[in-house]
Amino acid sequence: MKTLERDSDDRQLVEAAQNEPARFAELYEQNFVRVYAFFARRTSTREEAQDLTGEVFHQALASIQSFQWQGTPFVAWLYGIAANVLSKHWQKLGKHPAGELRDLSIGGEDIERSVMLGKAVESLLPDQRQVIVRRFIDQRSIREIAEELGRSEGAVKQLQLRALENLRQRLGGTL
Amino acid sequence: MNREQQAEELDREIDALMQAMPSCEPSPSAWSRPITRGLRLLPSEEFRARLKEDLLEQAESFESSQLHATSEILPSLRRESVPSFSTRQIAVLPADPRSLFLSFLSHAAVVALIASGVWVGHVTLVERRPVSELTYTPLPAGDTDPAGGGGGGDHNSLRASRGTPPRFSDDPLAPPAIVVPVEKPRLPADRSVLGPPDLKLPQSKQLGDLLSPNVIIPSNGTGSLGGIGDRSGPGIGGDRGPGVASGDGGGYSGGVYHPGNGVSAPRVIYNPDPEYSDEARRVKYQGNVVLSLIVDPTGNVRQIRVARSLGMGLDEKAIDAVERWRFAPGMKDGRPVAVQVNVEVTFRLY
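Chains P and X are the protein sequences, given in the same order. Under our numbering, the first residue of the first sequence is numbered 1, with each subsequent residue one higher. Under our numbering, the first residue of the second sequence is numbered 176, with each subsequent residue one higher.
It is possible that part of the hints are untrue.
Stated by the list, open to error - DSBU-like mimics (lysine-lysine), calculated; alpha carbons at most 35 Å apart, straight line:
| no. | chain 1 | residue 1 | chain 2 | residue 2 |
| --- | --- | --- | --- | --- |
| 1 | P | 119 | P | 92 |
| 2 | X | 459 | P | 92 |
| 3 | P | 119 | X | 227 |
| 4 | X | 227 | P | 92 |
| 5 | P | 88 | X | 227 |
| 6 | P | 119 | P | 88 |
As the list claims (entries may be wrong) - Simulated restraints, written as ranges between beta carbons of each label pair:
| no. | chain 1 | residue 1 | chain 2 | residue 2 | range |
| --- | --- | --- | --- | --- | --- |
| 7 | P | 72 | X | 209 | 26 to 36 Å |
| 8 | X | 399 | P | 65 | 14 to 24 Å |
| 9 | X | 486 | P | 126 | 44 to 54 Å |
Hints in this document: simulated from the structure, not taken from any laboratory. The beta-carbon is built from N, C-alpha and C at its ideal position, and this holds for glycine as well.
Isolated chain P, as found in the complex:
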């Protein structure tokens, strides 16, 4: 039943975007984390994953008119574009990634774990969330974060610990 509802939502959003391209923003919000997660596990830097994610959405928007609903979720179409983009990217760089990186199959569990982690971070208390974003995504040091927040380094480390404990609690055994 849930799948049917999701399909119906997907279909409505796609039709809206086909009629009014600005509505593509909703499809973007709904699928960004999954597409990004697809690249995050297969590239070496965040910047590379971000660039490729951007390329997928630009291509998807450019060809949204040609998308025909065939019962598969919209994200599957995006994964198809993502696999092509990644394959061309490797080809262009003359790179031949080994082993699991070369695998272009979707790897749904990994992606769902990233989605859940992203949601869990969003649900943290603001100060904990800020520490996690600055530390892991912006890659700042504890000292820099402490200066920015006007708190002691010890206090920031405590916030970091509490945030990670909360994430563990929210995610249970999924990671």
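Chain P is fixed; fit chain X onto it per the hints.
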């Protein structure tokens, strides 16, 4: 271990992880590893918001090109839609007139910047600032392959009307014509233009010049010697040859556009930094290289040439980097097209 020690221990482990030196020793905070590894892979919020803005801009350019197409089909509606705020045009105008005014001001500022020579791309070793708004002018020179062009006419007072060319042929027997003379030919022949027969251009029922502003009244154009256009020749376009577009030869001059007027600028989506040349680094040489290039409909870069040279091996380094850039192609009427842009690469030593 108290909370303070636990927080210290955890932070040491995170530091090691951030420097890609995972500790081999199991620690009391080993539970955090899967989470911290996952967190390292999360995207930056700034990127996410920026990409959304970029997509909205791209969507807006699609909408405006669709609107442009609609207004060409309904020219009378187009005339009415700009000055009037009547409810009939409510869907194509901002709800608040102030938005229209602000939009006009911002666009005027952008156009002024463009006219003063702002580039579509800018890169430094530290910082990149691609600028993606430019004016549109169909490239007058046919510098892409095949490089044909042409255009005649029958001395009509009106410019040639818009449409698509007929098929290409190695041996065109009859020049294209929109307004066909009434006299009956003794030996009827298909109308065609000179060019490789396998060269395909967009086709429609309406024969004409792809770039003409005349979308209303059928005309062969103000030129002479048959064909369609405003110069003299049996082809289509604003020149003298037997082919299509601007140029003197057969074939098609490539349709390379500049952004603006319904053509969206290519958007940089992958732009690795250039390297510094050893020679320039040694003498602390700095400056800008300007590259002119074409972004083809697949988003790849081609025909890079140095428009402003810097020397000391930095031109080559700039080209090496820009060759690997990847773009979302420029769009016209919902289709990707080749667009010519300039990219400024700044080399600075800090």
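Against the structure, the hints come out as follows:
no.: 1; hint: P:119 x P:92; result: holds, 34 Å
no.: 2; hint: X:459 x P:92; result: holds, 32 Å
no.: 3; hint: P:119 x X:227; result: holds, 18 Å
no.: 4; hint: X:227 x P:92; result: holds, 26 Å
no.: 5; hint: P:88 x X:227; result: holds, 24 Å
no.: 6; hint: P:119 x P:88; result: holds, 31 Å
no.: 7; hint: P:72 x X:209: 26 to 36 Å; result: holds, 30 Å
no.: 8; hint: X:399 x P:65: 14 to 24 Å; result: violated, 41 Å
no.: 9; hint: X:486 x P:126: 44 to 54 Å; result: holds, 52 Å
When each numbered hint is compared with the structure, a violation occurs for hint 8 only.
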